[in-house]
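S.K.: Listed below, chain by chain, are the residues.
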Amino acid sequence: MSGRADAASVPKTDTESEVVLSCRDLSVEFRMDRGTSRVLNGLDIDIERNEIIGVVGESGSGKSMFASALLDAVVEPGVTSGEITYRPSEGEPVDVLDLSDDRLRQLRWEEISMVFQGALSSFNPTLKLRGHFVETLEAHDYDVEAGLERTRELLSDLYLDPDRVLDSYPHELSGGMKQRALIALSLVLEPEVLVMDEPTAALDLLMQRSIVSLLSDLRDKYDLTMVFITHDLPLVTKLADRIGVLYAFELAEVGSTEEILSDPKHPYTRALLNSTPDIDSPLEEMRPIEGAAPDPVNVPSGCPYHERCPMATEDCATIKPDMEAASATHDVACHHWERVDDEIDLTTEVDR
Amino acid sequence: MQRYYLERTLQAVVTVVSVMSLAFFLLRLMPGNPADAYRAELIQNNPQMSQAEIDHRVEQKLNVLPDAPLHEQYLNYVTGLLSGDLGESINEGVPVSEIIAEALPWTIFTMSIALLLSFVIGISLGAVMAYKEGSYFDNGFSVTSILFNSIPNYIVGILLIWFLGYRFKLFPTGGRYSTEMDPTLGLLEPIQTVAFLGDALWHAALLILSYTFVAAGGWALRMRGNSIQVLGEDYLRVARLRGLSERRIATRYVGRNAVLPLYTALLIAIGFALGGSVILEQVFTYPGVGYYMIEGLEARDYPLMMGVFLVMTIAVVLGVYVADLTYGLIDPRAQTRGGEH
Amino acid sequence: MSADDPVVSMRDIDVHFQDDGGVNPFADPETVRAVDGVDLDIPENDVVAIVGESGSGKTTLGKAAVGLQQPTGGTVSFRGQDIWTAKKRFSNPSIPYSEIRRSLQIIHQDPGSSLNPHQTVEASLAAPLKKYESELGPEDREARILAMLERVGMTPPHDYAQRYPHQLSGGEKQRVALIRALLMNPDLILADEAVSALDVSLRVEVMDLMLDLQDQFDTSFLFISHDLSNARYLAEHADGRLGVMYLGELVELGDAEEVLRNPQHPYTKVLKWATPSLSPDEGAAEPPVREIDIPDPVDPPSGCRFHTRCPYATEHCKEATPEQHSIGAAAHQASCFRLDDASDYWHSEPLEGASLDADER
Amino acid sequence: MSERTESLHGIDDGEAFEAVSDATMSRQERYRRLFDRWILAPGRIIWDDLRARIGASIILLYVLVGLFGPKLYKTPRVNQGPRSVAPLSEGLTYPLGTDNLGRDILAQLIHATPSMLQMITAGGLFVTIMGVAVGTTAGYAGGRTDRVLSLITDIVMTIPGLPLIVILAALLAPQNPIVTGLILTVNVWAGLAREIRSQVLSISRHSYVEASKAMGLSTPTIIVKDILPNIMPYVLITFVNAARQVIFASIGLYFLGVLPYDSVVNWGVMIDQAVSGGAMHVMSMAHWLIAPLATITLLSFGLILFSQGTDRMFNPRVRARHSTTTGSDDEPTDDDAAATTGGVVR
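Chains as they are written, first to last, in our numbering: chain A, 29 to 380; chain B, 339 to 679; chain C, 486 to 846; chain D, 532 to 877.
Heads up, a few of these hints could be off.
To be verified - What follows is a set of in silico ranges between Cβ atoms, one per label pair, in the way DEER data are often shown:
1. B:G524 - D:A664: 27 to 37 angstroms
2. C:P578 - D:S733: 29 to 39 angstroms
3. D:S733 - C:P528: 37 to 47 angstroms
The set of hints was computed from the structure by calculation and includes no laboratory data. By construction, the Cβ of each residue, glycine as well, lies at the ideal position given by its N, Cα and C atoms.
Could you build all of it, start to finish, from the sequences and the hints given here?
M.R.: Following this line, the structure appears as structure tokens:
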């Protein structure tokens, strides 16, 4: 595979942006001593090229599993099933889950790469940053010199002084710098898709917001597709074009950011919005979500949210709702999504 | 960075001084100390000797000025030490420093080989056990390591002498090198040097083996623990995702980070190795520094014993000091955190 | 000891950490000036929220306020009585130190390490009671603990009382820590990032609990957080005050509602920009600061410490340190030259990348 | 001043804060729960772990032999039996055979055990107490005391142990096993103190320690309640290591004749006599040498196994599962349940 440094960006054949990654019935299971826990339960989602999609879920909702599954890198003894079709800009589509070992090794980081939450511990403490970049380029037989040139450009895009960062050890950098260096490392082989699992969780407010705005610049400059996974709903609305809400290891709702914010159709999304302390919305209506997060081993029958949902009816508890289209760009998995408007009012409805 | 070096040098100096004072204290002030015992002995079997003559003899033997004020004695003792005068060995009538100068290289020769051998074997064994965690290989070697680690090395020594020495006559059962071999260490006659070294190694083999069997088990268990911990780290997962070769990960990631804490354990092991030679060399009648320590003991030859003790401690302090300084090179984090290893 | 004496008042507080030379005497110690000349009063039964990035010294200031961190300069007094003189043996203070110690408590951020893993919930909660309510028998103590557990919604209390911390969820551990502080009937509780480690939906629940218990035990809260929305929720509910700290200095302080609606100091404006709101409008893409990373606290920038990042900084800001100017009636202060029209900030050269009237993005 | 205290009692904080007991728990019930949690539960954990079970039984064997052995079994005397008899050849009269002076080897082993155990416990306790005291003070106090103590510990640690012991043994010629035990571990505690110091440093960074300080609990209470339970697993492992070092050093020094021994023979002396008595050359005398060697190795092996098995005993999670009176054991899923299993990615 010759270095891809010079590949001109391929003119898009069809006007409507085609799907880069499409997941069908994606599940992850762990055999535990108290039963098998399905930490991802039949996820169907299509991610379009050059799109930034946010995946929001509380801790324990399976979102980290989704990130690992996209690279078929679920931790042992997890078993990933279903199908993930990846369509590179040139070359034929491929199912990520049944690739041969070295084809998978080539796919990871060259075409789909990942940024972990723990930036603080993603670097080898006894190896300089430069070492990390060089060894990655060499492992994929990229031209190291051109690679380092690209890295310097990436680092300065991320407001980092390239030479100072490359020559320092991980423990000499602050949290924010390390996270941005990790993003640069994940882009060094010019991947098409960047999966990010809570990339800014451990950082300060200002740093978080700055990184988010940097990411949208990077998307435009390197025409990337990004999957931004977080629990911080307000933050992701500043970056994502579309948002998927994950609850009880399934997708509850997927839609454009605009629709999800102003007119969410799933009761859980509404409850989530109402419970998120926000700077502008009025104080009085803040209400926490009752009940506890579901347990992956015995996921409740029917709609997983029915135990905590104020609108739950008889068939919510028995029949599992599947995805219905509330609009061209808005799907929701709920039997009563039409009635949600008048049942649960949205406290973030501000007259702005 | 210099603060770290300064701190280490200061500590090394303070250690040496405190050991000297300890030796001074033990030699003179302990009840039933050797100086009084020796003087009593002198007075007893040659009553006509003048007090001055007796003091001179005692001072000459143990460099002890009995009636001088304490601090003066101490100063005299220290200056004597610094100039290499460790007093005279009672039963060998030869300055202690001479005996030690002749014996020390041998102890350092055997013990450094034993230490390094056990370290290297232990590390590689431990790393492999970590990679094959939970397999028969791992469990099997863990148990054997525990077993070997729980036998004193001199007992292993006795058993080795018994089987490989007496029963099968494969190895000599004592001494530094065979009599007909004349010790030559020169680049001029390479064959002679090699032959001599070969013979010396052959003689020291059992001693080194007995130390290595026991110590390697300890290193293996420790390395296994560290490696398993490193294998669980995030940066390992990221390294694999980046498609680095297994060999690169095993050496530069797992190996490098797992060995770091063992480096500090190596420092402490230097002390134990030298100290342990006291019994091992006696069991193998291998005339190193430790051997003379026990010889000195049987003859109540305090200057020799004290001399050996001092030299051993200084050797350990030097070893620890050098290793401390080089620690900063292998663990970048140590440089900035002032040696918090 | 008048009633309106603030529970805790801090005058010109400095906290400098000396990384001294270890064993050898002639090493050059680096001093980190975590807190520099801060004045703060915490009134009775009120909430004061302090917001700032990591390294701004907000936690150190909090710990100084509850007497866990000795300031290197300035005074911390509890109802008029200097805490640290009270602590000395023969200073016979007007309020005994044990009384002060009991009245100032702390709740920590990480629920995981706020409870001793080797003690059951009941044992952890019995400790304060044994010390301060020694007249209570074991049964009375048990009953009070069970009542408090019930009060914070952990039912059945008997079952929770016997549990070990590892058998509790993050929210439950935080509530036990809250009860442990309240059992001593304190006058001030330092909530050091007390909710940021919890799940979003739980945060509101715990903050409501704090507000509810505040009326019942009339304690004040000093709420430290790096998240403006959490701080705002708590401070505005109890119509308390909101302070903003940057590199050891209190750059803005005022009534919470006022400070958020009409921030005066450029740094507060940047923090407000950085706090994502749920409103769908697309916030400014470019971060409105000239430098993202926080300067090294060991040698902070000269003059106004924010000048290296401030979008409005000028040469004048580099040389001179701004004074506290108050704006409007609600004792709303901020230390920035732009608030003083007479200052010669307006005539000095703006720094590279900055401009006097950087548009209000 | 009065206004201040008055507000304290007159507080109208509703019933929660003033609640007094109605459902009292009988004293007997309380002791039963304490007994179960502190004695039965650890016992079950030890029994449940194979390594700990073997280790514990080996140690128990030696302790019983040490306590009752000499009373039950005959004392070794010269010529009490035929010389150098092979084990089990004379039926059970001399189960492990006799040495070249006709003394019953098993009797020698048994009669040497009490003084050996005293030496081990004395040495082990000395090391543990010194190490924990110095380590905890240095770790908890910090600042100048920490630096001074750490300097002393580092110095004592670099002094090679055995030569120092040899000199002390020569000078003091200790008879009483307890004094010998102390001398044998004169510098062993330094290594432990340093390890405990680093552990205490990390524990005292936990928030619950600061919360206890805020509650005004006295330093000793904080150390005993918050710090010690966390380092207990380490303390036990170190007691066991110290005990093993006492065995190794004492046997070696008795073997070399450095340590004087009174009339009662001990294991080290037996090895010395066996080796000098030609057990190395004559196969028929092999049993004389093997018996003491095996005894030492078995005890040391038992100690290691026991220490490895027991670290689970101090882990609250494990203890909770084994004690019947702890609350219900449903492990709430804080984070992604599966994500915490960790492990190796394909």
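S.K.: What are the numbers of the hints that this structure violates, sorted from low to high?
M.R.: Per hint list: single violation, 1.
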